Structure formats: C-alpha cells, structure tokens
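Enquirer: Since the structure of chain A is provided, determine the placement of chain B on it from the hints.
There are 2 protein chains.
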Amino acid sequence: MQLSDIGELSLLKTIRRRFGKKSKGIIVGIGDDAAVIKPQGKNTLITTDMMVEGIHFDISLITPYQLGFKLVSVNVSDIYAMGGTPQYLLLDIAMNKNTEESFVARFFDGLRDSMRIYDVSLIGGDISSSKKDMVVSASLIGYAEKPVKRSGARPGDKIYVTGNLGDSACGLEVLKKAVPIKNSPSLTLPPRGGGMGRGDNSELQIIISKLSKLCLTWNTVKPLLKRHLMPIARNPKDFVKHATAMIDLSDGLFIDLSRLCDESRVGARIYIKHIPVSGQMKKASAELKTDPVKLATSGGEDYELLFTAPPHPPIPPLLRGGVGGVKITCIGEITKKGRVAVDKHGKESAFKAEGYQHYGIQR
Amino acid sequence: MQLSDIGELSLLKTIRRRFGKKSKGIIVGIGDDAAVIKPQGKNTLITTDMMVEGIHFDISLITPYQLGFKLVSVNVSDIYAMGGTPQYLLLDIAMNKNTEESFVARFFDGLRDSMRIYDVSLIGGDISSSKKDMVVSASLIGYAEKPVKRSGARPGDKIYVTGNLGDSACGLEVLKKAVPIKNSPSLTLPPRGGGMGRGDNSELQIIISKLSKLCLTWNTVKPLLKRHLMPIARNPKDFVKHATAMIDLSDGLFIDLSRLCDESRVGARIYIKHIPVSGQMKKASAELKTDPVKLATSGGEDYELLFTAPPHPPIPPLLRGGVGGVKITCIGEITKKGRVAVDKHGKESAFKAEGYQHYGIQR
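Chains A and B are the protein sequences, given in the same order. Residue numbering for the first sequence is 1 to 363, as defined by the working numbering. Residue numbering for the second sequence is 1 to 363, as defined by the working numbering.
The hints are simulated quantities; they were obtained by calculation from the structure and are not laboratory data. Small disclaimer: the values here were computed from a predicted structure and weren't measured. Treat the hints with care, since some could be wrong.
[Said to hold, decoys possible] PhoX-like, lysine-lysine: derived pairs with alpha carbons at most 25 Å apart:
#, chain 1, residue 1, chain 2, residue 2
1, B, Lys-38, A, Lys-146
2, A, Lys-294, A, Lys-283
3, B, Lys-38, A, Lys-237
Bound-form chain A, shown alone:
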C-alpha cells in the first residue's frame, strides 16, 4: 500500500486517531485551521527545523522510525538550548506519493516515541506531497521563565559542553564508508533478544545489517550510530541557573562557538585535549582513517549543549538531565577577543567558524 492508495484525508484521520488525544493546555488540536493553546510561563519559545532528503539524510542510511525520532530531538535540542521546556509540535511532511504506508507508519512510531521522551504533544501541521525527495519539518513551541540567550557570555566565563563530541559525525562516517552489500553479515551483531533491552537496538540493526563488514565491533559502533540516528537532546535543567549563554551544537563546535562569541561580542580559548571524545569514536575514526579532532570540532550534528558560566561555583562534572545523567566538561574559557584553539602540545592557533553550511561553502 502506497500513499497514493490511501490519500491525504485518510492519512490525516490516522494521524488524528494516533495523536489527537488532548493534553493540558491544548484548546484546539489537530484538525482545525490553526491550533489553539493556552500560553504558559512568562515567555513563549518557538523554533523550527527542516530535514530534506539528500541533504540532511539518505533514506538508505536511516530508517523511517529513526527519521521521525530524530526530527523531534533536533527541535527539542533548540528549545533546551534556550533553557526552555518543550510542549507542542507542528509537523510538515511532503512525501512522494509512492511512499509505502508502512514507511509512514514507522515514521510516526519514531515521532511518537521521541515525543513521549520529551513530553511533547502533536497539535497540528501540514500534509503535502513532493515530486521526488521527501521533506519533513517541525515547529516546536515551549516556554521558559528566563530564556538563556547566545549573547550573555562574559570574559572570564568558563566554556562547558555536555556529553562527547564527534560521536554523531563518526557514526555518519561509519554508515557512509561501509559499502552496502546484499546478504553480507555486518559487524558483529549482538545476539537477537538477549541483553538488548531497549527497542531502539533493533532499529540500529536494521541500518547496520545493510552494511558490509567493518573491522569494528557492535559495541564500538552502536553508541556512534545511536548518537547520529537517534540523538537524545540534553535537558539543561540542572545547570541552567549557572549558564550565562548557551547554544546547541548542530553544525560543529567551532562554528557554533563562533556564533555564540559573535552574539556575545567576546573571544574564546579552547583546549583541544579537554574536548570530551568517546573511546568508541577514537577507535572507529582510527579504523576509518578520519581525524577524531576534526570530527569533534567540525563534524556537526552533536546535539550536545555548549554553555558558558562564571568560574565560581564550578559546575559538577556529572548532572542528571531529563533523560539519564549527562557528563559536563569544561573545555576552555571566554576571552575578550580572538578565537584560539590550544593543541595538545600547548601550541595556540586561531580557529575559524568551520562546520556544516548549506549551499556548499565551508569557511
């Protein structure tokens, strides 16, 4: 069954049945000209992020479930980066009419599971079609009593990041460099059933089972693939009161830190040896002959938070976010001007706003 056998109205009915349950604050949900919500908190936050086939994702390297899951996470990451609480999602989808119904159903499964993690409700959107490439876009509304902007960093502030950097970019390299071969057993897969526990493992296996053998174990690639295909956004609620400025790392550390510096009119000094990277990323990048520092500084799609805070009190290294604990690492400090990276030998050099940019310019 393809979308052309179902039609827009019937798809809309299915979505309403699955997502139409009203939750707190929703006056009018899916199915009217606009959604109506009760504003909450002193400030309303709104963000939007679009994912375009062939640009943001390759449908042979991500499952529909993962695509739905990730779309929610990347938008939540923006609301978290303002110190906000996400609440309501609007979804725009434009899919080819030959898209299989099962693809759409799994996309919505991923969307639903991700929304549950963040306690977000679907309140509306727009169903469209596309001639060829698929486009999915979401707008997410939230609130914050005291939003944290990019512009609040002051010289002397410490620079912190959550989690590890470069895992997602390395996961993408694993996917891209491993050539799909039919019937080829890939990596060392964990035994089915035993010890997996989480349902998302099977989603990761769907992708990895399409790939040829790499000299890497499942335990090495799994966290990298997971960070790339099904990232969990970092909830800053336990450190947000200390943050003077914050941004989420979507295009790469150097470019996103440069953005924060631009807005705050300050400089930054980063210590490369302090940038947190995972053992798995180091192992996989060696196998893939990729520079782990480059992945960690300009790889993009980390969806970790970078924030600045005064040196006192120091931020404890491990805090509990909304979803599990998250590591916090101090990687440098805010200066009056300049953008300096200090390498492991203590040598200083200027870093540029390098990372992902649309329209093919890497600066």
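Expert: The following block gives chain B in isolation, referenced to the frame of chain A:
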C-alpha cells in the same frame, strides 16, 4: 551570483539585516536557537503551511516575489479563519544551491510586503538546501480572545462566504493553458506607468508576458491572476462576533465545507446560483472551455472565508475587512444531516468532498 557563491551564513546575515528589527512582544528574534515572544491574549494560535515546487507551484508560472507574498497570505488565512490576529512568522526555506541571489532577494521582497500588509514580524526559521526542488514553509503565530472553531455550526445557521469563488483556480487555468512562447506579446497589457498605481501590477505582468496570446483582455485576467498569485487573506474582524464556525477555503468549497460539517456533525444545503462568481471568471472560463461551477466549488486556493452564523441578525453584504472591503454572500444553510447542492433549476443532488487532495486521490 548564486546561493553557492554566497553561503548560508551570509544569507542569514542579509535576512537579519532586513528583518531583524524588533517589534512589540519580541524578546529574542532571528539569530538564536529559538525565538522568544511575550504571549498575548488568552489563546495562542499557531499554524503552518508548506509550498513545494512542482506540487504547489511551478516556478515558470509564478515570480519569486509572488511566491514570498503568497506564502505569508496562505498562513495568515488560517489564523484569520480562527478569528485570530497574526503576529509572528517563522520561515523554513530549502533552495537549490544554484538558485540566483536575485531570486532569493525578490522572494524576500514579496515576503516583506505581504508581512507589512498583515503587520506580521519574522522572528526565526531554518535555512536549508535541497537537491532539486525548492520547498518553502512558514509557521505563523497569533492570538485570539475567542477562537472560532470548525465545530460550532448548528442546524438553522446560514452559510456565508467572502469574496468570489473560483477566481484563483481560473487564474491558474489561464496560466496553464496559455503556452509560453518566446517574444510573443501576450494578452492586452495595460500601458506601462499610467493608471496602474499598485506595484504588484508589474509582478503580474512578468508572469503574463511569458504567455502567448489568449482572446482575453488584461482587465479580465488580472483579477484572476492576482487572486491566484498574490491572494490577500480576508480579515473577519467585522463579522467574527456572529460566526459560530469558520474555515478558510484552500482546497475547494465542497471539500472544505464538508470538513466543517464533519467537525460540527451537521449537514449543509448549498444553492449553486448563490455562489458568488466574478464576471471575469465567467468570461475566462468560457474562453478556456472550463466549467465555472466546478472551478467555484472544487477549484481550491480561494483563500476566502466560509463561516456560519445564526439567521438573525443577517450579516450585511459588504463589510470592511482589514484590507479593503470584502463582499459577504449567503450561499446556503446548515441542516441536520446530508450534503445537498441545489442547482439553478432547483434540482437537489448530494455533493461530495471534492477538491484538492495530496497523493493523487480525488474523492
């Protein structure tokens, strides 16, 4: 100069320079992870509408200025259809990297002029790229003290529409059936300068000058093209207090009225002879050998409002909307059940939810 020569960061800077001026209620505008606004009124409204190249528009039949203009109007129409006031816009664009800078500049000119008409501010969005087809999408936030839903119609209510129906669909037929011929003078163009007054005339001429001669005058096709390419959304503020239910006509009278009936769990009786159609539409549809009734009932993209109101007091036929006066016509009444169209001979027949549906099903 193409987008690939400019890059995303530079495009973003241009957008910020043009649209970054803060207006009332905007705490954080373009350039942070999320926009921050002060909630206004008792209810926040939000809607989103996507326009996909090859599906919603053909780039040879619409100018970039018109595309930007229309994107705002179609979203405003949804906020108006809830009885709301539009305020803040978020824009998602995914354009091919070979897109000319001048195309993008004109798109933003159209966006700006349309936003001015409705007093809407750009507060954020997402710049992306696409492999081939362009996708533009907007999310619009507004507020309403008392939103008008689709579900409030009651048997005995009268059914009203604003403006004329079918002009937009007929305008599209003019564009589609007129074959583009190089150097062919098209239609009877008005003299340059004299008597045109409004800047948008030149935009309509850009499109029509690409088309071959039709046996129609400029005065006939102009309002049709304008309604299709640069629709103005109808502000219901002068009749909203009477409305029990409302919807904007985007996919066609029959399908959109059916949606309102579904939500209100009522039926409807429509008198074909009372459906307001323009003289220009009748003339052009005769020349194009197209059924004017079909255009008016299932053509779509009218962006007129359909609303229901108790029979007393009757709605005066001409009201001043936010932008010029707008005609109001009673076209039928809400019944307990059934969907009935009465033709000019008094013959009754059931109407179906016919109109535009994505994924190729016309029901």
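Enquirer: If a hint holds in the structure, say so; if it does not, say that too.
Expert: Evaluated hints:
1. B:Lys-38 x A:Lys-146: The given pair, whose Cα atoms are some 12 Å apart, holds under the 25 Å limit.
2. A:Lys-294 x A:Lys-283: holds (15 Å)
3. B:Lys-38 x A:Lys-237: Since the Cα atoms of B:Lys-38 and A:Lys-237 sit roughly 21 Å apart, the hinted pair holds (cutoff 25 Å).
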